[in-house]
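Number of protein chains: 2
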Amino acid sequence: MTSLYANAMGPSFIVPLAMNNRRQPEVFTLRRSLCDPTHVRRRSRSSLKTSGVTMAAATPTAQCEYTLHVDADSRKYPILFSEGVISKPDTFKPFITGDKVLIVTNSTIAPLYLNQVKSAIAATGVSVFDVVLPDGEEYKSLDYVSQIWDVCMEHRLDRKSVLIALGGGVIGDTTGFAASAFVRGVPFVQVPTTLLAIVDSSVGGKTGINHPMGKNMIGAFYQPHAVIVDSNVLKTLDDRQLAAGIAEVIKYGIICDWRFFEWCEQNVERLSSRDPDATQYAMIQSCKYKADIVSQDEKESGLRAILNLGHTFGHAIEASMGYGSWLHGEAVAAGMVMACEMSARLGWISSDVTRRVEAVLARASLPTRPPPSVTLERFMTYMSVDKKVEAGVLRLILLKEPGKAIVTSDFPESILFDTIMHYQQLYKESPGTYEHATLGLPK
Amino acid sequence: MTSLYANAMGPSFIVPLAMNNRRQPEVFTLRRSLCDPTHVRRRSRSSLKTSGVTMAAATPTAQCEYTLHVDADSRKYPILFSEGVISKPDTFKPFITGDKVLIVTNSTIAPLYLNQVKSAIAATGVSVFDVVLPDGEEYKSLDYVSQIWDVCMEHRLDRKSVLIALGGGVIGDTTGFAASAFVRGVPFVQVPTTLLAIVDSSVGGKTGINHPMGKNMIGAFYQPHAVIVDSNVLKTLDDRQLAAGIAEVIKYGIICDWRFFEWCEQNVERLSSRDPDATQYAMIQSCKYKADIVSQDEKESGLRAILNLGHTFGHAIEASMGYGSWLHGEAVAAGMVMACEMSARLGWISSDVTRRVEAVLARASLPTRPPPSVTLERFMTYMSVDKKVEAGVLRLILLKEPGKAIVTSDFPESILFDTIMHYQQLYKESPGTYEHATLGLPK
Ligand SMILES: NC(=O)c1ccc[n+]([C@@H]2O[C@H](COP(=O)([O-])OP(=O)(O)OC[C@H]3O[C@@H](n4cnc5c(N)ncnc54)[C@H](O)[C@@H]3O)[C@@H](O)[C@H]2O)c1
Ligand SMILES: NC(=O)c1ccc[n+]([C@@H]2O[C@H](COP(=O)([O-])OP(=O)(O)OC[C@H]3O[C@@H](n4cnc5c(N)ncnc54)[C@H](O)[C@@H]3O)[C@@H](O)[C@H]2O)c1
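Note that the protein sequences, when read in sequence, are chains W and H.
For the first sequence, the residue numbers in the working numbering are 1 to 443.
For the second sequence, the residue numbers in the working numbering are 1 to 443.
Next up, chain W with everything else stripped away, as it sits in the complex:
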């Protein structure tokens, strides 16, 4: 059998997908070298797992099915990739422990997918309840977590009841936190419906909500019991949201595998045009990188922080612009360019790398510069409440070389200032071109 991606420019570890044939399940072990963050403080050698991620072609069916196993310290769980999987009772059955299930979703997703998920779960013989939250980052708040708990209490959910997050990162983060704390923790299953949630937020167990004074400030490390990925749901996702997810896909290449970045350079239009094979490949690869990093550092004592490339700058943009104005992935895109720019100014990478990152993001219709209204002062204000500040010291994720990110506070503050001022300068010099690079998003 030939690899589905035999002709793609992907890295050599590509795993053949079991498609439309009856091969026996096979287990492939991910080579740790695919993601080799040697610059980063690792756990002591004795506690390093040989591999935190294994990949198995699931029981063959007529469709492409894929299972990736995440091996975090606190829990092992599968990520299932399969089209149409969210409407099949068998999908959910193994993860239902008690006799009650609560699906949490939002008012946009409910009319699209709630009924099929609800019917699939009800067919397993349990009582299924739902709570439909309003749609938006501003509802990722304590009030709505509290509302989920009210519904749990009202229907007398217990320790074995399961919470299902059906939605993007907002629903996933909120539901995960609700699940972590209801009766001190009930099982929960992620059913991500945005590309960003599939490749990033639903895997790895970071859950949480925003505080009025800062994003994701309240939460828990709480791994799901399963992640169920049905790429069909992406069909209804709008282009801007899709692009925001592509930013996170590209991120993995930048932080831990430059060959995957190069694959993105070659295939970014296929991702934007929702080519199913390219999308499936990007999703699986992204989840592998994420799972591998999480398996080495679940609680972000070191390595895991590299996943936040561009996020400190990005959070400052999001917060300063008012949440919802720039999408998370858009802010991260501009933030990643800033992190590259700063790394180049530190002499760690060539500015050519920054240009390539900019170019591929722009081709995915993502912004590559911060909005001009986010001044140095505003950046500094918002960055100082970032979770990556410790005892007053700001740590940033920067690039030591293409495909190798590090967490560091070892930089002159002046270089950070210069980096931010660079964009203010660019805007002053040529407001017209500058706006192009922010893609007409609110300034």
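Hints in this document: simulated from the structure, not taken from any laboratory.
Among the clues, some could well be false.
Okay, the calculated bits of chain W under chain H, using three or more residues with CB under 8 Å as the criterion [said to hold, decoys possible]:
id	segment
1	154 to 165
2	264 to 270
3	326 to 334
List of simulated lysine to aspartate or glutamate pairs, DMTMM-like, C-alpha gap at most 25 Å [to be verified]:
id	chain 1	residue 1	chain 2	residue 2
4	W	299	H	99
5	H	443	H	358
6	W	299	H	73
7	H	118	W	390
8	W	443	W	137
9	H	299	W	150
Nothing here was measured: the structure is a model prediction, and the numbers come from that model.
Where a beta carbon is used, it is the ideal one built from N, C-alpha and C, also for glycine.
Take the given structure of chain W and dock chain H with the ligands to it, following the hints.
Below, chain H with the ligands without anything else, positioned relative to chain W:
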């Protein structure tokens, strides 16, 4: 050197306390047999620790100092026992990681102890903030956790900042939950100020708040980084609160060491009259039992539930009477008698055991019967939302024999009903005596 308690009727494993002399530190390993819950589902043999608790006489000082080490899966931490310890900077220094500390306490405790703790911590060179909550179980709620988070944000606490819980179980539970979720977890230190908090709630990492529809329904398993016990603080505790703590002390004897129960029978008046030696002994023993159980089953997948002897009945009493009317320890006292009564009706223990439990609790001025107003119907309503209900099945902690508790759902419901009705019957027969056994607490 002779044991401080050489003449006490305590079990043979008593560890000599290093008092007023200059002995070298010694480490004693607790014999697992002191708490031998053989009836209870244990973790698989291979993962059983040889001992989860070690006990060390700390560096000798002029005063009695004691350190017990808790070895939970998620964290190892010390419990320090020493008079006057809360006003010494050296106490806190080892546990302060960042440059900011937030003390959470309440309006009763603040005037008594806040200044000394604050000064001690400030002397270590960090910024110390405080938040003083109103006093009462009704403030163990999401609103007040949210208030703690607001203060954390306002003072820009970060991942290395430390939260200190200075108070009883209410402050400890609330602060612990706040600490578990602020930036997904900051270090926290328990400084328990009630006997109940010292012997029970501050050790073991159960944190949480009440939901309007049920007690302790929202929370996290989150171990403190240290527990600091200064028995001096008990001097200001009122008698009723002290008795509530004694109930939990007696509980340990009933659930896991009948010899310790017998020690309580012989010494209960010494505890009620605040005899320092008896109190210190009871505190240390209680923490050993708790730490040992927690080290075997941190997340309450089995064994740990025995700590809740009397709690399911007790919660129903507390909830039905309105929180604050009966104290937690009082409700647990009556609940433990009910659990014994039910165990005797199941033929597992003799009714003589129930009488002895009743008698020792009554000597500690604790109620030994539920209030007559909590009818069968009310018991069943409140017990059905208890966290020990799983998939609709109520599990109770009952006694298989004196000193051996089990978690079980293997009982005829009729025996549960009969047990509850027994008290209704007693009340009907002789309201006067009955009221005596509830000690004039609200009916
Ligand atoms: N937990 C983590 O590790 C992690 C990582 C990255 C981001 N995040 C968080 O994730 C959030 C962003 O997630 P997101 O980008 O998925 O945003 P989102 O959840 O707000 O979803 C984006 C929009 O798409 C809609 N939508 C979702 N699925 C759809 C579908 N299939 N069809 C049509 N519309 C659909 C949503 O209703 C919403 O309007 C942020 O809060 C961010 O902090 C968390
Ligand atoms: N986390 C656990 O494992 C666990 C275990 C048992 C109980 N609990 C919880 O603990 C709570 C009960 O704790 P509690 O009995 O300590 O009650 P509490 O915290 O309400 O304290 C009792 C009263 O004593 C006052 N007080 C505290 N210390 C004092 C002192 N040194 N001097 C004078 N007054 C003082 C308090 O202000 C309060 O009015 C309940 O909410 C219960 O659910 C938790």
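Hints and how they fare:
| no. | hint | verdict |
| --- | --- | --- |
| 1 | 154 to 165 | holds (count 5) |
| 2 | 264 to 270 | violated (count 0) |
| 3 | 326 to 334 | violated (count 0) |
| 4 | W:299 / H:99 | 21 Å, holds |
| 5 | H:443 / H:358 | 19 Å, holds |
| 6 | W:299 / H:73 | 15 Å, holds |
| 7 | H:118 / W:390 | 22 Å, holds |
| 8 | W:443 / W:137 | 19 Å, holds |
| 9 | H:299 / W:150 | 24 Å, holds |
Checked against the numbered hints given earlier, the structure breaks hints 2, 3 and satisfies all the rest.
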